[in-house]
Amino acid sequence: MRDASCVLREAKYDIRNTIYAMRNTIMARKQTRAWISKHNKPRLGSLSRRMLFTLYMLAALIFFIAPENWTKEFQFTFRRVFSWPLSIGRNIQLAAPAQPSLKDALNRREIQYQNYIANLEQQLRIKHREVEKLSNLRNRFPLQGAKLMRAQATASIDGLHSMLTISRGKDDGLDKDQFVLADNSIIGTISDVSSRTAWVKLFTDPTSTIGVKIEQLDVDRTMKGNSNNSAKVQLFPIKYKVKVGDRVFARTKPGFLDAPIIIGKVTQCKRDDEEPSLWDITVEPVCDIENLNDVTVIVMNP
Amino acid sequence: MRWFRFAALVLLVAVLQASALANLNIKPDLLLILLVFFAIYCNTSDAIISSFTIGFAADIIIVGSAMGPQIISFGLFGTALAYLRRVIVIRKMPYQSLAIFITALLAGLLTHFLNLLKGEPAVPNIYAVLFWTSLFSGLVGPFLFLPSAWWMRIKINRFSRR
Chain G
1 MRDASCVLRE
11 AKYDIRNTIY
21 AMRNTIMARK
31 QTRAWISKHN
41 KPRLGSLSRR
51 MLFTLYMLAA
61 LIFFIAPENW
71 TKEFQFTFRR
81 VFSWPLSIGR
91 NIQLAAPAQP
101 SLKDALNRRE
111 IQYQNYIANL
121 EQQLRIKHRE
131 VEKLSNLRNR
141 FPLQGAKLMR
151 AQATASIDGL
161 HSMLTISRGK
171 DDGLDKDQFV
181 LADNSIIGTI
191 SDVSSRTAWV
201 KLFTDPTSTI
211 GVKIEQLDVD
221 RTMKGNSNNS
231 AKVQLFPIKY
241 KVKVGDRVFA
251 RTKPGFLDAP
261 IIIGKVTQCK
271 RDDEEPSLWD
281 ITVEPVCDIE
291 NLNDVTVIVM
301 NP
Chain W
1 MRWFRFAALV
11 LLVAVLQASA
21 LANLNIKPDL
31 LLILLVFFAI
41 YCNTSDAIIS
51 SFTIGFAADI
61 IIVGSAMGPQ
71 IISFGLFGTA
81 LAYLRRVIVI
91 RKMPYQSLAI
101 FITALLAGLL
111 THFLNLLKGE
121 PAVPNIYAVL
131 FWTSLFSGLV
141 GPFLFLPSAW
151 WMRIKINRFS
161 RR
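These protein sequence lines map, in sequence, to chains G and W. Read in order, the letters of the first sequence correspond to residues 1 to 302 in the numbering used here. Read in order, the letters of the second sequence correspond to residues 1 to 162 in the numbering used here.
Simulated from the structure, these hints should not be mistaken for laboratory data. There may be inaccurate statements among the hints.
[Claimed, not checked] Taking CB as the label site, the calculated pair distances span:
#, chain 1, residue 1, chain 2, residue 2, range
1, W, L98, G, Q216, 50 to 58 Å
2, G, Q268, W, R153, 50 to 58 Å
3, G, E290, W, F4, 33 to 41 Å
4, W, F4, G, R196, 25 to 33 Å
5, G, R16, W, K155, 51 to 59 Å
6, W, M93, G, S277, 55 to 63 Å
[Said to hold, decoys possible] Distance condition first, Cα-Cα at most 25 Å in a straight line; then the derived DSS-like pairs of lysine-lysine:
#, chain 1, residue 1, chain 2, residue 2
7, G, K253, G, K232
8, G, K224, G, K176
9, G, K127, G, K147
10, G, K224, W, K118
11, G, K176, G, K72
12, G, K239, G, K265
13, G, K224, G, K241
14, W, K118, G, K72
15, G, K176, G, K232
16, G, K224, G, K239
17, W, K118, G, K176
18, W, K118, G, K232
The structure presented is a predicted model; accordingly, all values stated were derived computationally and were not measured. C-beta: ideal position from N, C-alpha, C; glycine also.
Generate the whole structure from the sequences, applying the supplied hints.
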């Protein structure tokens with residue numbers, strides 16, 4: 001009997017020890033798992049990946065819905081701070097193509113003279129009309145009294161936007177909406193200005209709208225940028241005769257421009273697909289905007 | 001992750017993209033190539049941070065554009081690629097090219113739709129431009145991984161058999 005009870009007691013001890021051993025093993029495994037997961041868990045400070053992604057996405061959405069007036073300051077600050085390396089980068093890009101030959105220089109000079117003559121012709125036409133009217137209004141020559149401010153320019157043209165950064169700003173009397181000339185033709189208007197820098201929105205920029213007139217035709221229309229180094233004249237009825245090569249002039253604007261100045265040439269003129277009673281007129285600049293080094297800003301009331 | 005080196009690299013690439021490559025008609029998207037590089041070779045948390053940061057850089061280099069679309073699309077697809085990399089190893093150059101091409105296409109499309117949502121004007125022939133930019137980026141990208149890895153002190157083990 002005693003042997004039997006001893007065996008039973010030993011068996012009980014064995015079972016209890018086995019249970020303890022198993023429990024310890026399970027506990028050790030749990031601890032190991034916890035340690036591994038703790039050390040493998042991707043954390044940055046105390047942020048998990050999901051939290052990190054959520055926070056960044058939230059910040060991105062804030063940027064997305066914030067007014068552009070606020071967010072564009074980041075872009076302007078980048079241009080201001082890195083203006084020097086950006087200009088070096090552009091010089092590298094500009095240095096890559098072959099140096100402009102004498103022929104190119106002559107061509108450019110010719111374009112400048114052609115634009116100048118076109119401007120004079122248009123001004124003369126207007127003067128003739130004024131003389132015919134024999135008005136007693138005070139008259140003066142176009143751009144008389146206006147200050148023509150020369151500035152260095154660097155282009156920033158990508159697929160979407162066409163802008164120029166110029167080396168003059170508010171301190172030089174520049175202001176928003178002033179017209180900008182290059183090779184005697186209008187290339188755009190000032191869209192933003194800081195104390196020493198200004199940004200020119202080219203008339204080919206999709207957000208640009210500018211008042212224009214096609215030579216010979218006494219019809220005022222607006223021209224909207226088309227981003228692909230061209231612009232479209234809006235709502236031009238087909239009853240007017242327009243042909244490829246016609247010159248387009250920027251309309252006078254009180255306080256900003258007192259004489260029409262050439263802005264581009266008609267490069268395509270066809271019936272509008274959506275509205276057959278209107279022309280679809282494409283206008284391209286009359287100067288090589290991409291290779292501009294300097295521009296002139298018209299400050300009408302210096 | 002060496003964040004100071006990362007900042008210097010992103011700034012350098014942003015300046016290059018905004019200046020030397022700005023006026024080319026068809027150009028590789030260097031920032032997107034960097035995005036894929038960090039998504040492939042960094043851990044997921046670092047890849048998330050670098051994706052959004054590169055998206056921010058891509059947005060600020062274009063004056064006049066709306067901010068946000070590129071941050072969102074770069075962040076989203078950079079993170080997705082970082083998670084995908086945990087399942088599929090993208091180590092050989094053809095696969096890297098393909099990853100860059102697909103990411104560029106998807107990120108470009110999302111950016112385009114977000115721009116439309118914000119009322120931004122669309123580029124003419126946007127899909128053609130997007131395709132050629134993605135293709136060019138895919139072709140050039142893997143070759144830029146080597147100098148990027150050297151600068152970031154990341155071992156890329158391109159030729160290992162793992």
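Going down the list of hints, with the structure as the test:
{"no.": "1", "hint": "L98/W <-> Q216/G: 50 to 58 Å", "in the structure": "57 Å, holds"}
{"no.": "2", "hint": "Q268/G <-> R153/W: 50 to 58 Å", "in the structure": "54 Å, holds"}
{"no.": "3", "hint": "E290/G <-> F4/W: 33 to 41 Å", "in the structure": "36 Å, holds"}
{"no.": "4", "hint": "F4/W <-> R196/G: 25 to 33 Å", "in the structure": "30 Å, holds"}
{"no.": "5", "hint": "R16/G <-> K155/W: 51 to 59 Å", "in the structure": "53 Å, holds"}
{"no.": "6", "hint": "M93/W <-> S277/G: 55 to 63 Å", "in the structure": "57 Å, holds"}
{"no.": "7", "hint": "K253/G <-> K232/G", "in the structure": "20 Å, holds"}
{"no.": "8", "hint": "K224/G <-> K176/G", "in the structure": "18 Å, holds"}
{"no.": "9", "hint": "K127/G <-> K147/G", "in the structure": "22 Å, holds"}
{"no.": "10", "hint": "K224/G <-> K118/W", "in the structure": "19 Å, holds"}
{"no.": "11", "hint": "K176/G <-> K72/G", "in the structure": "16 Å, holds"}
{"no.": "12", "hint": "K239/G <-> K265/G", "in the structure": "20 Å, holds"}
{"no.": "13", "hint": "K224/G <-> K241/G", "in the structure": "20 Å, holds"}
{"no.": "14", "hint": "K118/W <-> K72/G", "in the structure": "14 Å, holds"}
{"no.": "15", "hint": "K176/G <-> K232/G", "in the structure": "23 Å, holds"}
{"no.": "16", "hint": "K224/G <-> K239/G", "in the structure": "21 Å, holds"}
{"no.": "17", "hint": "K118/W <-> K176/G", "in the structure": "24 Å, holds"}
{"no.": "18", "hint": "K118/W <-> K232/G", "in the structure": "23 Å, holds"}
When each numbered hint is compared with the structure, no violation occurs for any of them.
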